[in-house]
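With these hints in hand, go ahead and build the complete structure from the sequences.
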Amino acid sequence: MSADTHVFPTYAHPDVEFVRGEGVRMFDSEGNAYLDLTSGIAVNALGHAHPELIAALTEQAGKLWHTANLFSIKGQEKVSEILCANSFADRVFFTNSGAEALECAIKTARRYHYANGRPGRVDILTFQGAFHGRTLATIAAGGQEKYLEGFGPRAPGFISLPFGDHDALHAAINEETAAILVEPIQGEGGIREVPGQCLRGLRELCDKHGILLIYDEVQTGIGRTGKLFAHEWAGENGEAAPDIMALAKGLGGGFPVGACLAREEVAAAMTTGSHGTTFGGNPLAMAVAAKVLEIVTAEGFLETVREQAIALKQLLAEVADRYPDLIEDVRGRGLLMGLKGKIPNTDIIAALRGEKLLAIGAGDNVVRFAPALIVTRDDLREARDKMMAALGSLSAPAQKTA
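Be aware that the sequence shown starts at 1, since it is given in our numbering, and climbs by one per residue.
A portion of the hints provided could be inaccurate.
As the list claims (entries may be wrong) - BS3-like cross-link-like pairs, simulated, lysine-lysine; straight-line CA separation at most 30 Å: (1) K107 to K74; (2) K342 to K146; (3) K78 to K63; (4) K356 to K342; (5) K107 to K227; (6) K340 to K356; (7) K78 to K227; (8) K227 to K208; (9) K74 to K63; (10) K208 to K107; (11) K107 to K146; (12) K313 to K340; (13) K227 to K340; (14) K340 to K146; (15) K356 to K313; (16) K227 to K313; (17) K313 to K342; (18) K107 to K78.
Stated by the list, open to error - Computed Cβ-Cβ distance ranges for the label pairs, DEER-style: (19) H66 to A317: 43 to 49 Å; (20) K208 to T278: 36 to 42 Å; (21) D329 to P153: 22 to 28 Å; (22) E175 to D321: 48 to 54 Å; (23) A49 to G201: 39 to 45 Å; (24) S29 to R134: 25 to 31 Å; (25) G31 to H6: 23 to 29 Å; (26) T304 to P14: 28 to 34 Å; (27) E81 to G276: 18 to 24 Å; (28) A85 to S29: 39 to 45 Å.
It should be emphasised that the hints constitute simulated quantities derived from the structure, not laboratory data. Every residue, glycine too, gets a C-beta built ideally from N, C-alpha and C.
Following this line, the structure appears as structure tokens:
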């Protein structure tokens, strides 16, 4: 541990300190500008220092910050109304983070079966490579040993299945199964997309067995893929709709907020006193979330996101074609894309940072790109040039001169 810090040593920070952000750029303590294609791990959906978010937060900060949920919070009604009007859901529980939203989703699924005379249905089926958060329950749900190591007995009630193995999934369902939990696109797991046909199949399977379908759209929700929610690509008429869904990240545009959405029948099991939160859904978070949703659901916004997503995919394909000795493939959807490397992704990320472009890692040796939804074509052209320069510095001499 460094002598000049009292912070837990749980992160290996690069030697750069950011002090300001504007749009899709961040500026370090020396005044250098970086093109930010991380947006705080898909959090800053509208970029840095968005003026409308600043205004919404500032206005609310001058009125009321916190009451706890001992009293009704008007902002919760507004945000929940927008979410429900634009989704499968009838009810919303607000949290501070994605992990808390997943905790609520897990509890809601188990409580639903308990309330309906099936207390033995407690198991949640999940998939290898998943990431659902860092609490004891959510690391058990994710099932990845690197997150479980050193934290004692694994929380029971979670069964991790091979990704894409339909036979294993069918065989795992029994009288103790409560729900299936899945990310429409695994973010931390390597930008691995679940095909729409499979999401529709999960819906049918859950209906057949009387179990619940839970989506973790913490990273993929709020326009990240070009639709408000990623599962909508599998069918906008409910063919792949969940019973419960967890949101966070982009919902607050940088302000900490999460949400657990559910159908009326399912949410009804969460009676008074069955769950709670001190800070979740506070007036500050609700003011910002309402403004984010107002902007993202405005006419034409998501269409523009889809247009920029095509441009991002094309430029990544061009980069991969130019440097086949470094890049194996391009994957992802919308503005959640990845390059699978043939060399360590950490080397590529460092080279990109050397060109003042920010990317982040993901599983399966993937370099992940999650720019703000306001990214422009000019921003992406700049990103292409920086990527070419960075990969050129890593490529074999013969490839550089090809």
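To see whether the hints hold, each was checked on the structure:
A hinted pair counts as satisfied when its Cα atoms are at most 30 Å apart, and K107 with K74 qualifies at roughly 25 Å. Note on K342 and K146: the hinted pairing holds, with a Cα-Cα distance of about 22 Å set against a maximum of 30 Å. Of the pairs offered as hints, the one joining K78 and K63 holds, with about 17 Å between alpha carbons and a cut-off of 30 Å not exceeded. Our distance criterion of 30 Å between C-alpha atoms is met by K356 and K342, whose separation comes to about 22 Å.
Note on K107 and K227: the hinted pairing holds, with a Cα-Cα distance of about 27 Å set against a maximum of 30 Å. Pair hint K340 plus K356 holds up; C-alpha atoms about 20 Å apart against a cutoff of 30 Å. For the hint pairing K78 with K227, the CA-to-CA distance comes to about 21 Å; that is within 30 Å, so the pair holds. For a cut-off of 30 Å, the pair hint linking K227 to K208 stands: about 28 Å separates their Cα positions.
Distance hint between K74 and K63 is fulfilled; the C-alpha atoms sit about 13 Å from each other, no more than 30 Å. In summary, the hint linking K208 to K107 is supported, as the alpha carbons are separated by about 22 Å, within the 30 Å threshold. Of the pairs offered as hints, the one joining K107 and K146 holds, with about 24 Å between alpha carbons and a cut-off of 30 Å not exceeded. Between K313 and K340 the CA atoms are separated by roughly 13 Å; this keeps the pair inside 30 Å, and the hint holds.
A distance of roughly 24 Å separates the Cα atoms of K227 and K340; the hinted pair therefore holds under the 30 Å criterion. Annotation: proposed proximity of K340 to K146 holds, straight-line Cα distance about 20 Å (limit 30 Å). Taken as a hint, the K356 and K313 pair is honoured in the structure, with Cα atoms around 20 Å apart against an allowance of 30 Å. For the proposed pair K227 and K313, the alpha carbon gap of about 16 Å is at most 30 Å, so the pair holds.
At most 30 Å may separate the alpha-carbon atoms for a hinted pair to count; K313 and K342 meet this at roughly 19 Å. In summary, the hint linking K107 to K78 is supported, as the alpha carbons are separated by about 25 Å, within the 30 Å threshold. A hinted range of 43 to 49 Å holds for the C-beta pair H66 and A317, which are about 47 Å apart. The hinted range of 36 to 42 Å is satisfied by K208 and T278, whose Cβ atoms lie roughly 40 Å apart.
For D329 and P153, the Cβ-Cβ distance of about 38 Å falls outside the hinted range of 22 to 28 Å, so the restraint is violated. The beta-carbon spacing between E175 and D321, approximately 51 Å, falls within the hinted interval of 48 to 54 Å. The supplied range of 39 to 45 Å is met by A49 and G201, whose beta-carbon atoms lie about 43 Å from each other. For S29 and R134, the hinted distance range of 25 to 31 Å is satisfied, since their beta carbons lie about 28 Å from each other.
Between G31 and H6 the beta carbon distance is about 28 Å. The supplied range of 23 to 29 Å therefore holds. Take T304 and P14: their Cβ atoms lie about 32 Å apart, and the range 28 to 34 Å holds. For E81 and G276, the Cβ-Cβ distance of about 22 Å falls inside the hinted range of 18 to 24 Å, so the restraint holds. The beta-carbon spacing between A85 and S29, approximately 43 Å, falls within the hinted interval of 39 to 45 Å.
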